[in-house]
Amino acid sequence: MLKMTHLSKAFRTEVVETYALRDFSIHVREGEFVAVTGPSGSGKTTFLNIAGLLETPTGGTYELDGQDVGALGDDARSHIRNQKIGFIFQAFNLIPDLNIYDNVDVPLRYRKMSSAERKKRITEALERVGLSARMRHYPAELSGGQQQRVAIARALAGSPKLLLADEPTGNLDTQMARAVMQLLEEIHRDGATIVMVTHDPELAARAQRNVHVIDGQVVDLGEDPKLHMNVSRISA
Amino acid sequence: MDFMPIIAALKRQKTAAALIAIEIALCCAIICNALFLIIHRLERSSIPSGVPENELVRIQTTSVAEDPDVDARARAALQSLREIPGVQGATLINQVPFGRSSWNSGLRLKPEDKNTIVNATIYYGDAAMLSTLGAKLIAGRWFEESEFGDFATLLGAPDGEQPKIVIITRQLGQKLFGNENPLGREFAFGDVPVRVIGVLDHLVRPSIFDDATADCSLVFPVRMGAGYGAQYVLRTRPQDRDAVIAAAKKKLAEAMPNRIVLDTKGFDELRDENFKQDRVMAGLLIAVVVSLLVVTALGIVGLASFWVQRRRRQIGIRRALGATRGQILRYFQTENFLIVTVGIAVGMAAAFGISGWLMHHYELPRLPLYYLPVGAVALWLLGQIAVLAPALRAASVPPATATRPV
Numbered sequence: 010m011l012k013m014t015h016l017s018k019a020f021r022t023e024v025v026e027t028y029a030l031r032d033f034s035i036h037v038r039e040g041e042f043v044a045v046t047g048p049s050g051s052g053k054t055t056f057l058n059i060a061g062l063l064e065t066p067t068g069g070t071y072e073l074d075g076q077d078v079g080a081l082g083d084d085a086r087s088h089i090r091n092q093k094i095g096f097i098f099q100a101f102n103l104i105p106d107l108n109i110y111d112n113v114d115v116p117l118r119y120r121k122m123s124s125a126e127r128k129k130r131i132t133e134a135l136e137r138v139g140l141s142a143r144m145r146h147y148p149a150e151l152s153g154g155q156q157q158r159v160a161i162a163r164a165l166a167g168s169p170k171l172l173l174a175d176e177p178t179g180n181l182d183t184q185m186a187r188a189v190m191q192l193l194e195e196i197h198r199d200g201a202t203i204v205m206v207t208h209d210p211e212l213a214a215r216a217q218r219n220v221h222v223i224d225g226q227v228v229d230l231g232e233d234p235k236l237h238m239n240v241s242r243i244s245a
Numbered sequence: 058m059d060f061m062p063i064i065a066a067l068k069r070q071k072t073a074a075a076l077i078a079i080e081i082a083l084c085c086a087i088i089c090n091a092l093f094l095i096i097h098r099l100e101r102s103s104i105p106s107g108v109p110e111n112e113l114v115r116i117q118t119t120s121v122a123e124d125p126d127v128d129a130r131a132r133a134a135l136q137s138l139r140e141i142p143g144v145q146g147a148t149l150i151n152q153v154p155f156g157r158s159s160w161n162s163g164l165r166l167k168p169e170d171k172n173t174i175v176n177a178t179i180y181y182g183d184a185a186m187l188s189t190l191g192a193k194l195i196a197g198r199w200f201e202e203s204e205f206g207d208f209a210t211l212l213g214a215p216d217g218e219q220p221k222i223v224i225i226t227r228q229l230g231q232k233l234f235g236n237e238n239p240l241g242r243e244f245a246f247g248d249v250p251v252r253v254i255g256v257l258d259h260l261v262r263p264s265i266f267d268d269a270t271a272d273c274s275l276v277f278p279v280r281m282g283a284g285y286g287a288q289y290v291l292r293t294r295p296q297d298r299d300a301v302i303a304a305a306k307k308k309l310a311e312a313m314p315n316r317i318v319l320d321t322k323g324f325d326e327l328r329d330e331n332f333k334q335d336r337v338m339a340g341l342l343i344a345v346v347v348s349l350l351v352v353t354a355l356g357i358v359g360l361a362s363f364w365v366q367r368r369r370r371q372i373g374i375r376r377a378l379g380a381t382r383g384q385i386l387r388y389f390q391t392e393n394f395l396i397v398t399v400g401i402a403v404g405m406a407a408a409f410g411i412s413g414w415l416m417h418h419y420e421l422p423r424l425p426l427y428y429l430p431v432g433a434v435a436l437w438l439l440g441q442i443a444v445l446a447p448a449l450r451a452a453s454v455p456p457a458t459a460t461r462p463v
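Residue numbers (my numbering), protein chains in the order written: chain A, 10 to 245; chain B, 58 to 463.
Since the hints were made in silico from the structure, they are not lab data.
Virtual Cβ for every residue (Gly too), placed ideally from N, Cα, C.
Fair warning: there could be bad hints in the mix.
[Unchecked claim] Pairwise CB distance ranges, derived in the manner of DEER restraints:
hint	chain 1	residue 1	chain 2	residue 2	range
1	A	Ile223	B	Leu445	43 to 53 Å
2	B	Lys68	A	Val25	43 to 53 Å
3	A	Glu126	B	Gly359	32 to 42 Å
4	B	Arg369	A	Glu136	26 to 36 Å
5	B	Ser362	A	Glu136	46 to 56 Å
6	A	Ala80	B	Gly359	31 to 41 Å
[As the list claims (entries may be wrong)] Keeping only pairs whose Cα atoms sit at most 27 Å apart, straight-line, the calculated DSSO-like set for lysine-lysine is:
hint	chain 1	residue 1	chain 2	residue 2
7	B	Lys171	B	Lys221
8	B	Lys68	A	Lys128
9	B	Lys68	A	Lys129
10	B	Lys68	A	Lys121
So here's chain A without its partners, still in its complex pose (with noise of 0.2 Å):
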């Protein structure tokens, strides 16, 4: 599903040129569950940027679904995004100004659909994450939980083929983050392919597994979970 072959991402100024990816390479497999975890600043989100088609590598190559999409111009990158990935953001990310039923709407309207078509797959994703009783309430009237409920219907209202997660709890408290880490397992079971990046070791330890990024690089840290429980605690 998502491969990316000695990828690398430089930021360049007039004087400085700093990698937030180097030789990165990563496969996820479709229906896959991974979780992306490293301390701050080691190019977990410039990953996700990339992956997502948010940004575009420096070097490498990267495949999505089988096509390489390293090289494709903006609006052919737009369409893949809005056509095959869903996205999963940590501050939420509604706009404010539409309601629940608006918001999920915003990617299908980019697709052209028709608007028989755009209200039954947002009453089902609504319906999904349990809030289609509240589809004319405004963001600012939801909790934190409830934003994120509503973000993950927009992103399954798509039926994406790739499901991108960035810290999808890290905003919320305990019990919300743990109904939100439910929703996505469900999502899991039911097929999806989700790549989530997050700083939490017990999310982490919920995926079916991790990768690790330090320095812009993929770690192999082996099978021994505790390894990997350590290492995210020391990141977190």
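The hints should help you fit chain B onto chain A, whose structure is shown.
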């Protein structure tokens, strides 16, 4: 582009959107009326005179001492003016187009009618008037030599001795007789019935006080003397004008020692003077319109820039969710289109209201309806041009903005 989500989002930004809509409405209302006034003034100042203005010169004289033979001297002077090299024609008439000072009369169809149909200006001219002025006779004939009388004889003569034949302009014919052929028809000049023997295409009035009757003129076969404001009119090529005027002044001084030349002007200069106020007013209104458009455009640029800055993250989210740069650009253009449309709708109603007020207080004509769509299109274009730079900035917001810390 879908309107509904944009309208839904605008409902949450009512105040800012309403302010721009009000600005557009005011702009629309003022601009529609101002454009109408500008075009009205400019049309007015380019009204056809019916004569080749750049070939005609008016010479005004005034007496400095009593002269019992002034009329005979005037006719002799006229003859000497015709002999000046470069002069193609010379006449002595009571008033000239755009000369401001005018002789006017209300006309009725029959002497017994109580109400006048139209007010017309009265030209008195000699046999050379038509050829000198170069006015175009489109029907009938010019006066014969035997039909001319002298103004001095006419003055104080009983009504029965007034001229009984007249040449009128086409516009005056239409005002008097509608679409019927005016040739041979009669109308009342004072209490005297006069018969139309010829029709001129145009001969504008000296002073236009009503645009609808600017070309309502009639010509009687009357030879003017030197007094009563009579003016010499010379026809000459534009390049000979200065030399002809200098020679004419000399000839007049020789022929009429008791009169001095008061003023010499080309008919084109008379037109310029006559419509100077209109041009100044049009210029002023153009300045107002341009200023208003600039201020409105700046208002749109300001608000759109503010919104782009404030919604930068939101734009990043939309980009992350799959919006192309073009879709972001169109979002802001559509948003602007909707706000401007509301402003235009209110502005059109206001434009009509202002027009009614102007009609009532300043006797201006009603704003023609076609000005409204013209104003609307102008403001739509203004809005789209003004919003383009902020919208392009919005479209350039990278999608990675969505994942940056708040």
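Structure-based check of all given hints:
1. A:Ile223 <-> B:Leu445: 43 to 53 Å: holds (46 Å)
2. B:Lys68 <-> A:Val25: 43 to 53 Å: Holds, since Lys68 of chain B and Val25 of chain A (Cβ atoms, about 47 Å apart) stay within the stated range.
3. A:Glu126 <-> B:Gly359: 32 to 42 Å: The hinted range 32 to 42 Å holds for Glu126 of chain A and Gly359 of chain B, with Cβ atoms some 40 Å apart.
4. B:Arg369 <-> A:Glu136: 26 to 36 Å: holds (33 Å)
5. B:Ser362 <-> A:Glu136: 46 to 56 Å: For Glu136 of chain A against Ser362 of chain B, whose Cβ atoms are near 40 Å apart, the range 46 to 56 Å is violated.
6. A:Ala80 <-> B:Gly359: 31 to 41 Å: holds (39 Å)
7. B:Lys171 <-> B:Lys221: holds (21 Å)
8. B:Lys68 <-> A:Lys128: Within the cut-off at roughly 22 Å; holds.
9. B:Lys68 <-> A:Lys129: holds (25 Å)
10. B:Lys68 <-> A:Lys121: The hint holds at about 24 Å.
Violated hint: 5 only; the structure is consistent with all others.
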